Amino acid sequence: MQTTVRDQDAQSLALATGDAEVDGLNAEFYGAIRYPGPPMSFERLADARFWADALDHDIGRAGRPVLPVEGARVWVAGCGTNQAVITALMFPGARVVGSDLSAASLEMAERSAGQLGVQNLELRRESIHEAGYQAEFDYVICTGVIHHTADPGRTLAHLSAALRPGGVMQLMVYNRYHRTLSTAFQKAMRALLGDSGYAYERELEMARRFVHHFTPPENAVGGAANMGAWLAGYRSAPDAQLADSLIQPVEHSFTVESLDSLAQGAGLELLTPFPNPFDAAKGTLHWEMELGDPELQRGYDELPDARRWQVTNLLSMEGSPMLWFYLQRQDSPESRRSTRELCEAFLAGRYVRAATTRGMHLVGPGGVYAAEPSQQMPFPVWRGKGDAKRVFDALDPRETMEETMRRLGIDTADPRTVNRLRVQLASSAYPFLRPA
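Once you know that position 190 of the sequence shown is 190 in our numbering, the rest is easy, because the numbers rise by one and skip nothing.
Honestly, the hints are just simulated from the structure, not real lab data.
Being a predicted model, the structure only gives us computed values, none of them experimental.
Backbone N, C-alpha and C define an ideal beta-carbon position, used for all residues, glycine too.
Hints are not guaranteed to be accurate.
To be verified - Here are the simulated distance ranges between beta carbons:
{"#": "1", "residue 1": "Gly-93", "residue 2": "Arg-202", "range": "43 to 53 angstroms"}
{"#": "2", "residue 1": "Glu-70", "residue 2": "Pro-397", "range": "27 to 37 angstroms"}
{"#": "3", "residue 1": "Glu-201", "residue 2": "Arg-350", "range": "58 to 68 angstroms"}
Please put together the full structure from these sequences, using the hints given.
Below, the structure is given as structure tokens:
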């Protein structure tokens with residue numbers, strides 16, 4: 001694979017020699033670190049369609065489910081240690097395939113699935129580049145994977161080919177502005193090591209030395225000071241976390257613009273941001289900005305979604321959300337719903353409070369998971385505030401959402417207000433309301 005000078009400056013690609021070679025490096029790397037480790041618990045909801053319905057609502061597929069009640073198939077591509085197991089529990093009515101390069105990661109996943117009694121999961125040791133799936137899956141999940149391949153565009157094309165015509169993809173890639181320090185560190189470390197190739201133990205030892213001993217010059221400001229503080233944050237991290245963060249063999253990162261271009265090249269289109277729990281926890285979930293000046297705001301609000309998200313990405317930089325999106329094939333029989341259309345549907349909808357129960361499987365002695373009868377709890381548990389809390393408390397399923405908001409004096413003409421409430425009340429990250 002040829003890279004431009006610009007790519008070489010912005011990415012950590014010294015080892016990105018080809019698909020098979022990088023697949024081999026990743027198999028070795030994740031076989032060594034087995035990261036993330038087993039979670040303290042897994043959960044299973046009593047309502048088997050809860051998360052499938054949330055997916056439909058996220059993208060505006062009311063009445064036309066992404067995952068049909070019968071025969072649904074899901075592919076977790078690059079599933080690692082836990083993600084395929086979690087997915088099988090979330091979508092118990094679907095057949096789930098989990099693929100990974102690392103035998104060690106798959107062994108951990110298989111052990112967890114067996115202890116949990118998961119019956120709808122098949123684990124396969126295979127490369128995305130060699131799996132060869134053609135129009136087989138309703139839902140493809142690939143998070144934190146293609147940015148570690150030799151050619152992400154080629155990898156994404158394989159994922160696109162695996163989607164059924166009306167299928168949906170959930171994709172996460174690194175945000176360029178989140179990876180400035182990690183990319184610079186990886187490039188500096190490999191420049192110090194020279195051209196002797198990749199060796200996990202040697203790189204881990206060098207990373208440890210930097211983490212514990214790198215000292216910025218006295219009175220340093222900006223880059224060196226930022227790097228020193230960032231590295232110091234890993235001093236208590238276990239080796240697996242340190243390795244995953246600091247010495248991954250190959251790392252690409254993207255802006256909204258470059259991700260959109262990558263998607264188009266693979267025959268895909270961006271649908272809408274995936275409301276993920278990590279951005280929700282950090283308070284960086286929303287892609288809609290307030291610019292202060294009415295004229296600037298008007299121009300921003302009128303932009304097509306992808307261009308508006310790119311402006312947010314550029315102006316917010318490291319404070320912008322993760323690049324975690326839903327996508328679909330460009331030839332999908334389902335029309336893409338813009339953010340404006342999703343908000344209009346939200347305002348026109350009538351809602352009730354979502355309610356099911358959550359069963360917990362807790363890890364016990366010897367790392368064995370067991371169901372905990374006392375851990376059957378109501379789900380979801382309300383945790384909102386501000387206008388979202390006011391709407392939740394005042395909800396009347398006889399009213400449209402627009403009528404409820406107007407009754408409370410909330411501006412229904414402001415697109416940022418409406419979209420924030422849509423995400424904070426009726427999304428996968430905040431699944432508190434469901435259509436009546």
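Tested hints:
1. Gly-93 to Arg-202: 43 to 53 angstroms: holds (47 angstroms)
2. Glu-70 to Pro-397: 27 to 37 angstroms: holds (29 angstroms)
3. Glu-201 to Arg-350: 58 to 68 angstroms: Hint holds: Cβ distance 59 angstroms, inside 58 to 68 angstroms.
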